[in-house]
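J.: Got chain E sorted already, so can you dock chain W onto it with the hints?
Protein chains in written order, with numbering that gives the first Met the number 0: chain E, 0 to 133; chain W, 0 to 750.
What the hints contain is simulated information worked out from the structure, not anything from laboratory work.
Certain hints may be false.
[As the list claims (entries may be wrong)] Think about it this way: if two alpha-carbon atoms lie no more than 25 Å apart in a straight line, the pair counts; the simulated SDA-like pairs of lysine to any residue are:
(1) K154/W to K176/W
(2) K432/W to L108/E
(3) K739/W to E97/W
(4) K154/W to P464/W
(5) K339/W to G70/E
(6) K563/W to G70/E
(7) K750/W to A574/W
(8) K681/W to I458/W
(9) K435/W to Q77/E
(10) K339/W to L108/E
(11) K739/W to G70/E
[Unchecked claim] Ranges of calculated distance between the beta carbons of each label pair, as one might list FRET restraints:
(12) A40/E to A427/W: 34 to 44 Å
(13) A40/E to N588/W: 22 to 32 Å
(14) K682/W to E112/E: 46 to 56 Å
(15) E112/E to K262/W: 31 to 41 Å
(16) A40/E to M349/W: 33 to 43 Å
(17) S259/W to A40/E: 53 to 63 Å
[Stated by the list, open to error] For the chain E half of the interface with chain W, some residues (derived, Cβ under 8 Å), not all of them:
(18) D47
(19) A67
(20) G70
(21) S74
(22) P91
(23) Q95
(24) R116
(25) M120
(26) L126
Even glycine gets a Cβ: it sits at the ideal position worked out from N, Cα and C.
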Amino acid sequence: MVFMRGDGAGARVALAAAVLVGMMAVTFAATRRSAATPEPAVVAHRLDMAAQAGSPQAMFLLANAYRAGAGVPQSNAQALAWYERAAERGHPSAMQTLAMAHLYGELGLVPDELESRRYAMEAEHALHDSPPPR
Amino acid sequence: MSSINQPRVVLLLLLGLGGLVAGCDDDDTKGTPTPDLAMAIDAASTVDGAATSDLATAGDMTSQTASLPNGSTMSLALLESTDLHTNVRSYDYFKLAEDKTIGFERTATLIKQARSEFANAILVDNGDAIQGTVLADYQALVSPVACNQALAMYKAMNALGVEVSGIGNHEFNYGLKYLAQVTHTPFDVDGVDTTGSASCAGPQFPQVLSNVFSMKTNQPIFKPSTIINKTVTVSKPDGTTAQVTLKVGFLAFTPPPILSWDKRWLDGKVYTKGVQEVAPPLVQALRSQGADLVVAIIHGGLDNTTYAASLENQAWYLAQVPGIDALLMGHSHQVFPDAKSAVAQFNLPMVDKAAGTVAGVPALMANFWGQHLGVLALNLTYNGAWSIDRTKTVVEERPISTTCTAGLPLACDAAGKWHTGAACPFAALCTGKADKTRVFVDADPSIAPLIDPEHNGTITYVKTPIGTTDFEMSTFFAETGDVGAIQIVNQAQADYVSTYVQQNLPQYAQLPVLSVSAPFKSGFQGGNDYTDVQAGGVAINNAADLYLYANTIYAVKVTGAQLKDWLETAATRFAQIDPAKTADQPLINQVQPGYNFDVITDSRISYEIDITQPLPATGMKASGRIKNLKFNGQLIDPAAEFVVATNNYRASGGGNFPGLDGTKTIYASPDTSRDVLIAYIKKNASITRVKNGSDRSWHFTPVTTAGRVVFSSAQNGLAKAIAAGITNLSLAMADDGSGKVLSLYAVDLSK
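For reference, chain E alone in the conformation it holds in the complex:
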């Protein structure tokens, strides 16, 4: 599994929670590797657990699920909230998603070019600052 910047260091929680992150990350990774594709609701539930435990990548994918209504009721507000949480933890793709959403007025947002620019700059900075491992 290739994690983005912030996925490791981003689990800024107490040790017990950090262990939980690891367990959840393993669980949802195993889910995604399994031959039989699990039900979207099962995937979303596992993402939710990993996201609640602090995994930025799980937060990002959970936001995707809310945006699409895949396994959870469609909710732009929930999607936005989880994209923002992932972005706060330095997840570049979450920042890029928010940059585009603010630019194009997606997820119920009013188009705001400067807010889009802010997220795009943050994404660029995050991508440059910690290149993922080769």
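T.: For chain W alone, coordinates are given in the frame of chain E:
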């Protein structure tokens, strides 16, 4: 009131102990603090007395301060810039246009205002100054800065009177030889010739770095600490003022992961330590040297995970080192303090995000690219020694731009002031302005002229052709089949990934390497919102038009079935067409943005998109539109495997494409697609329609419709479509009525 003067340590004792432990300090992996007294002595010997004109000698300080009556007071402001990344001007070198949201020339205005507010102010830069824009690359790589010239960024910092700086991780990006030259610091490290660097031009202020050491000498490569002898104005109890010298000690830290981020430059040459190993003896030494205040600069943020000397963000631990009076943070591109911040690192234990303290130590972080100036205002009282009245400390971040709400600027308080009570420059700018209007401070006019040659040289470089094209490369008709602005991107990405896989990933070397890219600019904002590179010379700014975003290249491994799913999702860019309808039907499904319309442009691949098939129901996977997906003329086996070059956004789940969730990534490159494209154009200087703009892998499944299928694009485009081989279009309306300078076109899907 907390005392800031520590018990003085006998220097000779330190010297003796330092001699005993010298040479035993090269293990940066153990968690146990190992005070490096040899280094502390080194720190104690680096008192800066000539950095700025208002410095006095230590001797003056002693006599002046000693004569001060008890009860004397003063205010002192620490001003921080950080992560400037060579954004001297408010300028976007890719767009060749002003960008007022960024730029040190605007921070400069805030700096000068703060200096007029505070009689005593010390300007500090946190690091990440010399890399990050085309201007930085221009001076490092294209037209290398001469030894007798300071970098443009340092010219501006010198002019503004920066008095001390830290060293960020990006300072190492161009290598140690370059860094030695531009910082006039002759590192003594293996394999790097820094001869002559000491006499080069550069920063006219001390640069401090406490936690990076030469493997050759075990000594810090920069000064590990420094003391600024700052002439300050003091109020005496009788109401008169006096000038005395305040000794302000600095130490500074860079993120230890520089060793992996810049491994090619640093491997075998330097090593790092963490704050718990390095800071305590340095603080002690600064105090023993007479520092009245100790300020810690850290190019890092807050992280309370279990301490390790290699932790990226160590400011949370640094704040807990006794004897530090102020903490200036950077690196994680955030604003601190900010009472409303939901950022996880600012919601840790012992962090007061409203007041701006970490473990009780006043702290700040001033965002990036010059967007904010950090102001940390201390009030001190003299009673035989200076002490800080913490009840009067004010920490705030001052932005160069803000938005208006109900006629008032968000950045100022209700009375139009900063938190310190000084006038906020935005106070009157929102009067009569609509909500969400963005207002800016003016640029300081003295900065731009300082770097005119470098700025103009960079612009000339950006405009200099790196290749030619024999056709107009545009996205006007990308959604009806023109690949003229996409294929070159795919070719560059595939070439880059293919080379990497062959050299580094032998287990995938037999797999075909494909590439996808999308028309990033597809008219959302009107007729000018398209990629459009004219025939003729192709320059770097044109490459930036062809690849709009700062994405990095990723490669994923997918099966034939997953590739089909990928294209199915991309095909939701199109609305469902009912062939029987006689009324006009829109071609485009606006719910799916153009930047998610990934297409393959590869002579080996062909596929159809059948837009008579429905869009997926909410939450369901797209399917049923991609037909006859073939590789080398054969239907693709769902179990076949491919490597696909794409970007970090898509590979990690952006756009919610099935299966693309980060688990398929086999290579996460640190290089941007844009830089890879620039390199590819340089290498293949002649771009032609035949070679780079005609491999149309996809077509609509032919269908005869009773009515028209219509879409908007730039005006006067038909001839361009025909030139691109798209011959099934007609003009429906010269102006589509949107007010965005667009025409309405019809596409004949039977052809």
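J.: Each hint should be assessed against the structure and marked as holding or not.
T.: Hints, verified against the model:
Note on K154/W and K176/W: the hinted pairing holds, with a Cα-Cα distance of about 20 Å set against a maximum of 25 Å. At most 25 Å may separate the alpha-carbon atoms for a hinted pair to count; K432/W and L108/E meet this at roughly 21 Å. Between the alpha carbons of K739/W and E97/W the distance comes to roughly 23 Å, so the proposed pair stays at or under 25 Å and holds. Restraint check for K154/W and P464/W: not satisfied, since their Cα atoms lie roughly 29 Å apart, outside the 25 Å limit.
At roughly 32 Å between alpha-carbon atoms, K339/W and G70/E are farther apart than 25 Å, so this suggested pair is violated. For a cut-off of 25 Å, the pair hint linking K563/W to G70/E stands: about 22 Å separates their Cα positions. Simply put, K750/W and A574/W have alpha-carbon atoms about 18 Å apart, close enough for the 25 Å limit, and the pair holds. For the proposed pair K681/W and I458/W, the alpha carbon gap of about 18 Å is at most 25 Å, so the pair holds.
About 24 Å separates the Cα atoms of K435/W and Q77/E, which keeps this hinted pair within 25 Å; it holds. Distance check on the hinted pair: K339/W and L108/E sit about 20 Å apart at the alpha-carbon level, within 25 Å; holds. Taken as a hint, the K739/W and G70/E pair is broken in the structure, with Cα atoms around 39 Å apart against an allowance of 25 Å. At roughly 55 Å, the beta-carbon separation of A40/E and A427/W lies outside the given 34 to 44 Å, and the hint is violated.
At roughly 26 Å, the beta carbons of A40/E and N588/W sit within the given window of 22 to 32 Å. One distance hint, 46 to 56 Å for the beta-carbon pair K682/W and E112/E, is violated here, with the actual separation near 35 Å. For E112/E and K262/W, the hinted distance range of 31 to 41 Å is satisfied, since their beta carbons lie about 38 Å from each other. Between A40/E and M349/W the Cβ separation comes to about 40 Å, which falls inside the hinted range of 33 to 43 Å.
Checked against the given bound of 53 to 63 Å, the beta carbons of S259/W and A40/E, roughly 39 Å apart, lie outside it. Contact between D47/E and chain W, as hinted, is not supported at the beta carbon level, the nearest pair being about 15 Å apart and thus beyond 8 Å. Among the interface hints, the one on A67/E holds; its C-beta lies about 5 Å from the nearest C-beta in chain W, closer than the 8 Å criterion. The interface hint given for G70/E holds, since its Cβ lies 7 Å from the closest Cβ of chain W, which is under the 8 Å cut-off.
Interface hint at S74/E: violated, since its Cβ lies 11 Å from the closest Cβ of chain W, which is beyond the 8 Å cut-off. The interface hint given for P91/E is met, as the beta carbon of that residue sits about 6 Å from the closest beta carbon of chain W, less than 8 Å. Annotation: Q95/E was flagged as interfacial toward chain W, and the flag holds, the nearest CB pair being 5 Å apart, inside 8 Å. Look at R116/E: its Cβ gets to within about 6 Å of chain W, closer than 8 Å, so that hint holds up.
With a cut of 8 Å, the hint placing M120/E at the interface with chain W holds, because the nearest CB-to-CB distance is about 7 Å. At its closest, the beta carbon of L126/E sits 5 Å from a beta carbon of chain W; the interface hint therefore holds under the 8 Å criterion.
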